[in-house]
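Participant: Residues per chain, in single letters:
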Amino acid sequence: MTTPTSRGSGHRSTLLILPSGQVGEKSLKLIGMLAIILPLALLAVLIGTTFIQGAERLSGDFLTDLPSRRAASAGIGPALAGTGMLMVLTAAIALPLGIGAALWLEEYARPSRFTRFVELIISTLAGVPSIVYALLALEVFVRTFGMGRSILAGAATLALLVLPMIIMASREALRTVPLGLREASYGLGGDRWITLRTIVLPLALPGVLTGVILALARAIGETAPLITIGALTYVAFVPDSLSSAFTALPIQIFNWVSRPSADFHVTAAAAIIVLLTVMLAMNGLAIWLRSRLQTRIEG
Amino acid sequence: MVASKSAPALPEPSHAMTGHADAPTRAPLFVLPDVADSSEPAPASRMHAEDLFAYYDKNQAIKGITLPIPDRRVTAIIGPSGCGKSTFLRCLNRMHELTPSASVKGYVFLDDENIYGPNINPVRLRRHVGMVFQKPNPFPSMSIKDNVLAGFKLNGMKVPRPDEVAEKALRQAALWDEVKDHLNRSGSSLSGGQQQRLCIARSLALEPEVLLMDEPCSALDPIATARIEELIRELRSRLTIVIVTHNMQQAARVSDYTAFFYQGNLVEHGTTRNVFSNPAQKQTEDYVAGRFG
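As you go down the protein sequences, you meet chains Z and U in turn.
So for the first sequence, numbering that gives the first Met the number 0 puts the first residue at 0; every next one is plus one.
So for the second sequence, numbering that gives the first Met the number 0 puts the first residue at 0; every next one is plus one.
So here's chain Z without its partners, still in its complex pose (with noise of 0.2 Å):
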């Protein structure tokens, strides 16, 4: 039996033991393959029509130059500016938050029905619709706050965004590091405090890193939240304080996309070859964390 790839499969699969299975193994299998091949294709064909639609604007001038009116000398330098910007600021807010949660909850917290209460919050969280936590950032970040519609509030949002799934990361992280190996830490005298800080968060920070790469590498695509809270859609400097003005790679492709002018159209398929090569690179540097982490732990 293949790998049932839909609901519709899996059902058919108990039918398989009757006598006549051999017709639906088969085609089962056909199935399960088109099932494969059918959303590769169309990503295949989608990032090659962007490729050979874009490729020609590509060059290290697009990089730094700024937008402009005329889309042959259009660039993205603020645009990506402001997206490496936010991305570290996001991190910085999120990953202290979202491993001081994890600790919290895995380390220190005793299974409570407030603990339970928490990880259902949690994981409800992770699946809320970012323009959600856009509208809650928009009142408290941006006017409450008093942030205005700063980098700085676009990251909050981005941050509250990926905490869900940094915190849940984490979790999984902490809990790799064997038992044995914080016992050994008592039984020579450390402290929990100090077991966790030379033994288990050494171990444990790929892992931790891995998720917040992965977490980024969401919000990076982000642009519904980064809107709505008031990034620009032009911006002709680069951010240069935390109360800038700002904008992001995907707010300049949606709003290169949304010109009549076919011009447009391939400096935006440039700026998105662009951001799936930074996305590409995020999600291989996680991959690397992560296999470096199980050698460490496996030996």
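Just so you know, the hints here were simulated from the structure itself, not pulled from any lab data.
In this text, all values refer to a predicted model and were calculated from it rather than measured experimentally.
Among the hints, erroneous ones may be present.
Here are the simulated distance ranges between beta carbons [unchecked claim]: (1) Phe116(Z) to Asn246(U): 13 to 21 Å; (2) Ser190(U) to Arg174(Z): 25 to 33 Å; (3) Glu206(U) to Ser242(Z): 57 to 65 Å; (4) Asn246(U) to Arg174(Z): 28 to 36 Å; (5) Glu96(U) to Val117(Z): 19 to 27 Å; (6) Asn282(Z) to Asp110(U): 22 to 30 Å; (7) Gly179(Z) to Gly289(U): 26 to 34 Å; (8) Ile120(Z) to Glu206(U): 26 to 34 Å; (9) Asp110(U) to Phe113(Z): 39 to 47 Å; (10) Glu177(U) to Ala34(Z): 28 to 36 Å; (11) Arg174(Z) to Gly289(U): 37 to 45 Å; (12) Arg112(Z) to Glu96(U): 21 to 29 Å; (13) Glu106(Z) to Gln59(U): 24 to 32 Å; (14) Ala43(U) to Val117(Z): 48 to 56 Å.
Glycine included, every Cβ here is placed at the ideal spot set by N, Cα and C.
Given the structure of chain Z, go ahead and fit chain U onto it with the hints provided.
Facilitator: Below, chain U alone, put in the same frame as chain Z:
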């Protein structure tokens, strides 16, 4: 409930004495043997458990154990799975209470101090009562040398002469000759038996008074096991060892005293020779003869 702080003395293993023990009552479990005609004075107790109960939630894992641990001797704790032998061991350095919902009642004296007393910091206690675990557990992120010195780091202590301390501990653990040329390699690059000796070295570096070993050879092959057993015999001159083992032959090979646990009770305790060749209790006899367990 404590009768006295002074622990009963025990005969030297070389003297044939009949071990006395009785059913799980709270009466003193040991009758002081007559040691008048011993050629060598009987060893004093280094540790002494008195009326010790341990629980997981409301389940009693050990039920009122009184047991002296003689100084600079090897005491083996034997018994079938689930008899409470590991739990008892983990009560001797207050590791048991780290398990959520676990609790302890009773007394354990180290020298003359109750380690469950109000002034005892369990974290500091574990520096003096070291522990070696079933599965070798060197710290994977540290080198061999750093593993040996890890105890100091975990205690926030400065190592006066790190190289000397590491060499001494590794020599005591009979590992020095095998690792002296690559002290900076990861501890997990060693074989299982070497890893276990590294863990022993790590404990010895802190110069504990007592070393607890929880089935230290159960994950090792026969050759590695033989080396650890040899090491235990050597260390016996320096420190007090309590070893939990499900391997009766191992208990017979390495220990001076043996305690037989069954269902959370101490059934019998005495010199290893007596427990194995002349047990006082029928249960002990059946167990050491391999009729159950």
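Participant: Each of the hints needs a verdict: does it hold here or not?
Facilitator: Hints, verified against the model:
1. With their beta carbons about 47 Å apart, Phe116(Z) and Asn246(U) fall outside the hinted range of 13 to 21 Å.
2. Remark: the range hint 25 to 33 Å for Ser190(U) to Arg174(Z) is upheld by a beta-carbon distance near 28 Å.
3. Remark: the range hint 57 to 65 Å for Glu206(U) to Ser242(Z) is upheld by a beta-carbon distance near 58 Å.
4. At about 32 Å, the beta-carbon gap between Asn246(U) and Arg174(Z) stays in the expected band of 28 to 36 Å.
5. Between Glu96(U) and Val117(Z) the CB atoms are about 26 Å apart, so this pair conforms to the stated range of 19 to 27 Å.
6. Asn282(Z) and Asp110(U) have their C-beta atoms about 59 Å apart, which leaves the hinted 22 to 30 Å range violated.
7. Taking 26 to 34 Å as the suggested C-beta distance range, the pair Gly179(Z) and Gly289(U) conforms, at roughly 30 Å.
8. Our hint of 26 to 34 Å for Ile120(Z) and Glu206(U) is violated, since their Cβ atoms are close to 49 Å apart.
9. Taken as a hint, the range 39 to 47 Å holds for the pair Asp110(U) and Phe113(Z), whose Cβ atoms sit roughly 43 Å apart.
10. Taken as a hint, the range 28 to 36 Å is violated for the pair Glu177(U) and Ala34(Z), whose Cβ atoms sit roughly 55 Å apart.
11. Arg174(Z) and Gly289(U) have their C-beta atoms about 40 Å apart, which keeps the hinted 37 to 45 Å range intact.
12. In this structure, Arg112(Z) and Glu96(U) meet the distance hint of 21 to 29 Å, their C-beta atoms being roughly 24 Å apart.
13. The hint said 24 to 32 Å for the Cβ distance between Glu106(Z) and Gln59(U), and at roughly 28 Å that hint holds.
14. A C-beta distance of roughly 52 Å is found between Ala43(U) and Val117(Z), which places it inside the suggested range of 48 to 56 Å.
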